[in-house]
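Asker: Use these hints to put chain B onto chain A, whose structure you have.
Chains A and B are the protein sequences, given in the same order. According to full-length UniProt numbering, the stretch in the first sequence is residues 1 to 280, in order. According to full-length UniProt numbering, the stretch in the second sequence is residues 1 to 416, in order.
No lab work stands behind these hints: they were computed from the structure. Don't take each hint at face value.
[What the hints assert, rightly or not] Derived BS3-like pairs (lysine-lysine); straight-line CA-CA distance at most 30 angstroms:
| id | chain 1 | residue 1 | chain 2 | residue 2 |
| --- | --- | --- | --- | --- |
| 1 | B | Lys-132 | A | Lys-42 |
| 2 | B | Lys-158 | B | Lys-99 |
| 3 | B | Lys-158 | A | Lys-114 |
| 4 | B | Lys-137 | A | Lys-271 |
So you can see what is in the structure, the chains are spelled out below.
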Amino acid sequence: MAYINEVVIEAGHGAKNYWKDLWKNRELLWILARRDLSVRYKQTAIGAAWAVLRPLATMAVMVFVFEMVGKFEGDAGVPYPLMVLAGITIWTFFANTFTQISHSILLNSNLVTKTYFPRLIMPLSSVLVGFIDFAVSLGLYFIIALWKNHLPGLEIIFLPLFVLLALLTSLSFGLFFSVLNVRFRDIAQLIPFLVQIGFYACPIAYSASLVEASQDAWWYDLYYLNPMVSIINGFKWSLLGDGSFFKVSSLYSTVGVISVMLLISVYYFRKEENSFVDYI
Amino acid sequence: MQVIVAEDISKKYIIDHQKAMRKSSTLRDTFSEKFKHFFGKGEQDEVEKEEFWALRDVNFTVEQGDRVGIIGHNGAGKSTLLKILSKITEPTGGKVTIKGRVASLLEVGTGFHPELTGRENIFLNGAILGMKRQEIKSAFESIVEFAGVEKFLDTPVKRYSSGMYVRLGFAISAHLSPEILIIDEVLAVGDADFQKKCLGKMRDVSESGRTILFVSHNLAAVQSLCNRAFYFEHGRLKMQGDTTHVVNNYLSHVAKTNLEHFWETPEEAPGSDEVRFRTVRIDPEYQGGKHYIDVTTPVRVHIEFWNMAERADLNLSLHLYAFTGECIFNVGTTSQSFEKGLVAATLEIPGNFLNDGSYVISIMVVKDTSTVLFQLPDALAFEVEDHREGVTWYGKWPGYVRPQLNFQISQSEVLV
Chain A
1 MAYINEVVIE
11 AGHGAKNYWK
21 DLWKNRELLW
31 ILARRDLSVR
41 YKQTAIGAAW
51 AVLRPLATMA
61 VMVFVFEMVG
71 KFEGDAGVPY
81 PLMVLAGITI
91 WTFFANTFTQ
101 ISHSILLNSN
111 LVTKTYFPRL
121 IMPLSSVLVG
131 FIDFAVSLGL
141 YFIIALWKNH
151 LPGLEIIFLP
161 LFVLLALLTS
171 LSFGLFFSVL
181 NVRFRDIAQL
191 IPFLVQIGFY
201 ACPIAYSASL
211 VEASQDAWWY
221 DLYYLNPMVS
231 IINGFKWSLL
241 GDGSFFKVSS
251 LYSTVGVISV
261 MLLISVYYFR
271 KEENSFVDYI
Chain B
1 MQVIVAEDIS
11 KKYIIDHQKA
21 MRKSSTLRDT
31 FSEKFKHFFG
41 KGEQDEVEKE
51 EFWALRDVNF
61 TVEQGDRVGI
71 IGHNGAGKST
81 LLKILSKITE
91 PTGGKVTIKG
101 RVASLLEVGT
111 GFHPELTGRE
121 NIFLNGAILG
131 MKRQEIKSAF
141 ESIVEFAGVE
151 KFLDTPVKRY
161 SSGMYVRLGF
171 AISAHLSPEI
181 LIIDEVLAVG
191 DADFQKKCLG
201 KMRDVSESGR
211 TILFVSHNLA
221 AVQSLCNRAF
231 YFEHGRLKMQ
241 GDTTHVVNNY
251 LSHVAKTNLE
261 HFWETPEEAP
271 GSDEVRFRTV
281 RIDPEYQGGK
291 HYIDVTTPVR
301 VHIEFWNMAE
311 RADLNLSLHL
321 YAFTGECIFN
331 VGTTSQSFEK
341 GLVAATLEIP
351 GNFLNDGSYV
361 ISIMVVKDTS
371 TVLFQLPDAL
381 AFEVEDHREG
391 VTWYGKWPGY
401 VRPQLNFQIS
411 QSEVLV
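Same shape as in the complex, but just chain A (with noise of 0.2 angstroms):
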């Protein structure tokens, strides 16, 4: 043999090529997120039409509620249905992947009751579906952009950043919720809610400008310590261009708590990941 790996199994000793490990598979990685895909739209009629009808029609019902009823309005020179769109894009792709992954683990549990690999896999494979479908629905957004002759300007450069910041903030929540997960089914039952919660508190339907008006209240800093505000509005900014309100300082906050999440996170999920077969 011309080389021989050397594997040490005991408590609380997660294995020592950890990270190379999941390197070497990372063609699980696609392969699994590419299970998710294909499984998704078999045996439905339209198919992966699916895909774009579903952000279509969300936009459609936000726009006649907010807009024709509310009569609610964007900030000056932007179109509000693309600012809603905007939102709606980033919020979905967040909240998807974030719930994706929060269930990622007892969506496989057969798989970690059966075979080892790196637990990160199923996380992160839920991530790529996630980016995968997001593709899809800036697609989408671009081709109205253009229907409605607004096409993004120079700012668009920054759009990467957003997205990933978006990618980091439901990878950081998601491990720890998909952790949870594992011994607390109350958490299956609470994301939902969370979602639901996120979307009012977060400006998609509405331009953050509105909140600047309560900068002396109470909950004003609470409100941005939320990532996801100030990714929305930076977002929204890329696309729609500087007429759309973003506070580029409110970044600092954001990638602040990204950061300690994420690595709070990790920390957890390392720490369980040997275990989740045992309470799966």
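Answerer: Chain B in isolation, oriented as in the chain A frame:
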């Protein structure tokens, strides 16, 4: 070279008695427990948690090229051991050092998705078992052929018959090329033909110098395939060594038998006013150093009873039942006239007669060949273990009896 070294490995589970029916606890339970604990209550009033050691201080080494059979009752810790060696769960204490690439096959077709086609599932399952895409591609043809699913490659596996499903699952894992192969009870599924294929493949693997750990309840397969065996009981490694030795020891410990009853005086014995049993006993004629009954072992049944009446015409009738309840045979003695006192009878059941399985004997005392004076149901119980020679097939031998009859075969004509 020692490829697996296990030192004092233990695995503890906490059994939750009160909430045994619930799969996992809820947040509320945890909070309320913490709360109670905080206020110093809860410990005395409800003892709900019990420690359970699935494995306790297990030590062993496995040499390269060893084929180790792991045997023991359900719940003895065999599967827990495999899960620890496969890194699926971690031990509570102790340490295992493994040298070489491990593939574990705890289930056939792990991760198969029912909606995906056979082709897609080959890649999915292969990747889950740790194969590279390139490896799967090059083995693809051979996997499909081994499983015999060419025509259904693009059909979702939910439309497969269970046989096809299992064959495809095994075919993929058979093409893994690990240095150490861990297998849990794969032979429990599939038909005889498939089992033969599996064993053949496992023999190929072992002949190529790789190490195999094999959990099975099929002792005949373990004996044929493995050169060493581990015998687990209640989470401890009770015995290890040469397969035949360990298997014999296991069988003589675990057979669920009830080979003898003896009553000192008629007062305590079962029976009626007319008859009381004194002894019912099975005497196996163990051969070849075995201490268990297998299909070749002749067995004698001894019966002794008190005739309490002054004079009676009596005979015995014995029923032998299979575990499933069917009566295999009923034999009776001739009727004779007996004085008050002890009466003894012996029945010989030859070797090479009963098939492997569990059997129950019931005995009746009959008066004047017509009236049942007393019946002792379930008087004795014994198990007949399997024994094979000169065959390479290890499926369950069909039938209740396995007689050795004169069955000749010869070439009657040669075609030129």
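Asker: Each hint: holds or not?
Answerer: Verification of the hints:
At roughly 26 angstroms between alpha-carbon atoms, B:Lys-132 and A:Lys-42 fall within 30 angstroms of each other, so this suggested pair holds. For the suggested pair B:Lys-158 and B:Lys-99, the alpha carbons sit about 38 angstroms apart, so the restraint of at most 30 angstroms is broken. In summary, the hint linking B:Lys-158 to A:Lys-114 is supported, as the alpha carbons are separated by about 20 angstroms, within the 30 angstroms threshold. Annotation: proposed proximity of B:Lys-137 to A:Lys-271 is violated, straight-line Cα distance about 36 angstroms (limit 30 angstroms).
Violated hints, in rising order: 2 and 4; the structure is consistent with all others.
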